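Colleague: So in this note's numbering, spot 352 of the sequence shown is number 352, and the numbers just go up one at a time.
Hint data in this document are derived by calculation from the structure and do not stem from the laboratory. Computed from a predicted structure; not experimentally measured. Check each hint, because a few of them may be wrong.
As the list claims (entries may be wrong) - List of simulated lysine-lysine pairs, DSS-like, C-alpha gap at most 27 Å:
| id | residue 1 | residue 2 |
| --- | --- | --- |
| 1 | K402 | K429 |
| 2 | K461 | K495 |
| 3 | K276 | K321 |
| 4 | K321 | K446 |
What the hints assert, rightly or not - Distance ranges between label pairs, derived from CB positions:
| id | residue 1 | residue 2 | range |
| --- | --- | --- | --- |
| 5 | Y593 | K657 | 27 to 37 Å |
| 6 | D451 | T410 | 19 to 29 Å |
| 7 | N480 | R144 | 57 to 67 Å |
| 8 | N23 | F239 | 49 to 59 Å |
| 9 | I466 | Q626 | 33 to 43 Å |
| 10 | N23 | Q418 | 27 to 37 Å |
| 11 | L66 | D532 | 21 to 31 Å |
Think of the CB as a built atom: it goes at the ideal place given N, C-alpha and C, for glycine as much as any other residue.
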Amino acid sequence: MLVAATVPHNSRRCCIEGSRWRNLLENQILNTGWKSELDGELKPRIHITEAHKEGIVLHKALELPLPPIIPFKDCSNRWWQGEVTDICTVCGVRPQGWGMSNKEQKCEARSRNICHVCLERRGRRAKAWSEDLHKKDSEKISSRNTIWIDEVADENGRLALVIGQFNLNDWLNGDMIKTLFAVCNPPNFKSKEPSFARIQRVWKTTYQFWQEVLTDMPDAKLPKVKNRLIIKPSNLTQFKLQRYGNYDLVLGMTKLSVLHDNGNLITTDNLRYTAKQLGAKSEEYASDETATEFVRSRLLNQQVPIEDSTGYGSPSKLQGKLNISNVMFDVTEYSRVISILAEPRTFMALVPAENSLDVIKTIQTKYDREMGKVRNRLPLHLGVVYFNRRIPLRAALDAGQKMLNYNSPTGKQLWHVQSIYTGQLPIEKAELASGTKQFDETITLKLTQGDGVISWHVPKKMGDGITEDVWYPYVFLKTNDDDNKVATERQRAIKSHRPGTTEPCWLVHAGDLKEGDQIYFKPSTFDFEYLDSNARRFEIYYNEDSLRPRGNRPFYLEDLDRFEKLWKILKTLETSQRHQVIYSIEATREMWYGQNEQQSSIDAVFKQFVTDTLTNAAWTKDKKWQNLSNQERQQLIEAGVRGELADLAELYMEILKER
């Protein structure tokens, strides 16, 4: 944990004041229970920033690398005194089994490869969940999201870790605040001056953005479900099961996770997945209700082995066989979302893999709607880490953290304005105007850079739908020694320079741009990776150009709309034909170019090969190649040349299991 503070700017003894602040904070931290409640396992790092009269230097503390997890030294010495064992796989600081003198309890924790402190915390969380489960709806429960990873997994047993990150660096240091205007009455311009209050408003706005994403997600794309069973074995008392302990029921070739609570076993799995593994027909696990009934019928009046899961990498311990005499439905509704992090810059949440793209689209729409006027200066990076329910969560979180290392490239921000349209939103983007009047009139800019194309829908009005916004939607315009021409031809323009550089340019209102202009634009991006093994996470890294060596990732966020359209076209091909087309293209690319795959994107011969391969595919009668529009055919060809069709196949066919 990092704690940052500033000392008064007018202090003549900054060093002395800084030391006093440090001592005061350290004492406050110790007095609030860091050593008692956390048992000393996490020692915060305190950073004293330089003095600043406006207090806008806290961004420097946020730019520091995350400190390693280090416990208080005296606590660490106490834990390991006389201990010869492995480290706890959960906290990563205490010995396995530490925390109890009772030999039996110590062995129980060691059998799970954790310390007893972490074992008790796990039990307390399960207890709190169980108590919340038994509350009535009339008690106004704030949320009933699940805490079980297996319940979040989809019918294929896969989860998605959705990550999001705002690049706030230039906002927190105050540079971007100057691109907002307090007065814009040509020729009188007055930009807003950076202040702690304005920077704090940016911080609060992005924090509220992620909080609302969590609130809206269950209602929009992840509705609440009823998908649990309460199992009542007749011989449960003969087993010494830990209350609030997790166990597995062995059902043939699959296992059903359950929680022991006061003589009952409550399922903590997605029963659609369980039903599918038990051989149910597609219509029998198509809904939560039918899947729950199928699993119930397979459990009722059966003898089922019960195992105690001892942790990742260790064999489970057989407890015996349960005689299941009664199985009841649990009508409690819950959402398949687990929030991990929702801070101003960073977001992490677990959702079912099958709903991941819907969640991403929801975030994208919210971003375009609320940040549309400044999205050229406030890029958003979204990513998804897909993994199987049995992959350790720590591996998925590590992969997500690696995706958060992405930084917007500084050398590739110059985009060309290909076209400008002022009027209503296009039909496919009409949802942006939902709940707001600022899109009653919109400036639509089509920007290009190489093969990249971005459509930016800039709201032209304020919230009332009447007042024209002359304060926020500005862009950095690159000039070619024609400052006089810019000053005379642009109604709302002011000489400026880009944050972090001394390069002169003009800050111009989006409504005063012209076709052929070159503007500095920070694009939003999207990335994904499938962890088919723990080691796959090490393939997630970005080079000096903010690109991954593997394929075309990350993509522009706007590419998601294009990918969705291309996939709908590809789905008209038989599954075997899709595999054959993509295999032919990628095998030929590797054979012709080897490691120099980038050369294939500019080779006319390879482009012709891709065209012929797609043309000669076995298209259905309803969707022949010749019946596709010229734009659709061209997009498919270009996607094949760049290797994006292979990415589509991996995402939709291999990961999401769509057919």
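Colleague: State for each hint whether it applies.
Modeller: Status of each hint after checking the structure:
1. The hinted pair formed by K402 and K429 fails the criterion: a straight-line CA distance of about 32 Å is larger than 27 Å.
2. Distance hint between K461 and K495 is fulfilled; the C-alpha atoms sit about 24 Å from each other, no more than 27 Å.
3. A hinted pair counts as satisfied when its Cα atoms are at most 27 Å apart, and K276 with K321 qualifies at roughly 23 Å.
4. At roughly 65 Å between alpha-carbon atoms, K321 and K446 are farther apart than 27 Å, so this suggested pair is violated.
5. For Y593 and K657, the Cβ-Cβ distance of about 31 Å falls inside the hinted range of 27 to 37 Å, so the restraint holds.
6. Hint check: D451 to T410, Cβ distance near 20 Å, so the stated range 19 to 29 Å holds.
7. Between N480 and R144 the CB atoms are about 60 Å apart, so this pair conforms to the stated range of 57 to 67 Å.
8. The hint said 49 to 59 Å for the Cβ distance between N23 and F239, and at roughly 54 Å that hint holds.
9. Between I466 and Q626, the C-beta spacing of about 49 Å breaks the proposed range 33 to 43 Å.
10. Checked against the given bound of 27 to 37 Å, the beta carbons of N23 and Q418, roughly 59 Å apart, lie outside it.
11. Between L66 and D532 the C-beta distance comes to about 27 Å, which sits within the given range of 21 to 31 Å.
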